[in-house]
Structure formats: structure tokens, C-alpha cells
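Please put together the full structure from these sequences, using the hints given.
With full-length UniProt numbering as the guide, the letters of the sequence shown map in order to residues 1 to 146.
One should not assume that every hint holds.
Said to hold, decoys possible - Restraint ranges, calculated between C-beta atoms of paired labels, are given here:
(1) Glu21 x Pro65: 45 to 51 Å
(2) Glu9 x Leu72: 33 to 39 Å
(3) Ala4 x Leu72: 29 to 35 Å
Hints were generated in silico from the structure; no laboratory data involved. Bear in mind the structure is a predicted one, so any value in this text is a computation, not a measurement. Ideal placement from N, C-alpha and C gives every residue a C-beta, glycine not left out.
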Amino acid sequence: MNPAQRLKELLDELAPLLGQESLPIDETGICTLMVDGSLALNLAATDDMLTLFAPLGEVPAERKPAMLEQMLRANGAGNASFVLGLARNTDTALISARRPWHGLDVQALEQWAGAFVDTAMQWRATLAQSPGNPPDASPATGWLQA
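Quick look at the structure:
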């Protein structure tokens, strides 16, 4: 089965759980789901992996060195579950994760994507906070609202 078919099959199982008839895949092979109306969770397939990625927002210029250091440390020398980086030619922070197709069913995707979204939302809050003001720590009620 090719990557596009694998992704479509997984999304066809996920759609009813989100109260949707279907979840679209664009012409580049990416499915974008909006979380809480503000976070674009992207799913992209390759031959052996499913990739999740999301833009987190712009790294504030006044805190850029400290934020980049914090992001690098969070990557855990490549051992972290999720990877933080910057979009090419911009200061937009990104978070991504890759997982092999083997053993990836809709329940595993739901758990993995839930943890991914929770982490992404925490990083968005960190990027958005003013110096000296902690981010709002109120938990979301669910990782995806369709």
C-alpha cells in the first residue's frame, strides 16, 4: 500500500471519531486538522513513516536567543519525542514528530497526536508569553475539535 493510501485509510477511521464524514488530504498529500480553532496539525505520509507537524508562532525577537536555547535543550540531543525547529527563511517555530507505520492504528494515532497537540499548545503559550509572565496553564478539554 502506498503512503497516500495508508494515510487515507487511517483518516477514514479517524473521521467518525471526530464527528466528520471524511478528513481531506490536499494535493501535496497533507491532511491539516484545526485544533481549538488555532493550531494547524498537519499529517504527512512517507513510505515508512507518518509525520505530524505544526507551526507554533513566531519566536519573539526580544527573546530569540533565550527561546532558541530553550528549544534546543528541549530537543534532548535528538532523543526527545518531538522535535522543535524554525521554518525555513522565517522565525516561525515548528514542532514535528515521526512514527513508523508499523503498529500505527487509529487508537495509537489518537494517543500520539493528543500528546503532540498538548506539547504544541504548551510551546505556543511559551512563545506567546510576555517576559516575566507565565503562560496560562489551563488544560484543554480535548486535543481536537472538529
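The hints, checked one at a time:
1. Under the hint 45 to 51 Å, the C-beta atoms of Glu21 and Pro65, about 47 Å apart, fit the expected range.
2. The beta-carbon spacing between Glu9 and Leu72, approximately 36 Å, falls within the hinted interval of 33 to 39 Å.
3. Taking the beta carbon of each, Ala4 and Leu72 are about 34 Å apart, inside 29 to 35 Å as hinted.
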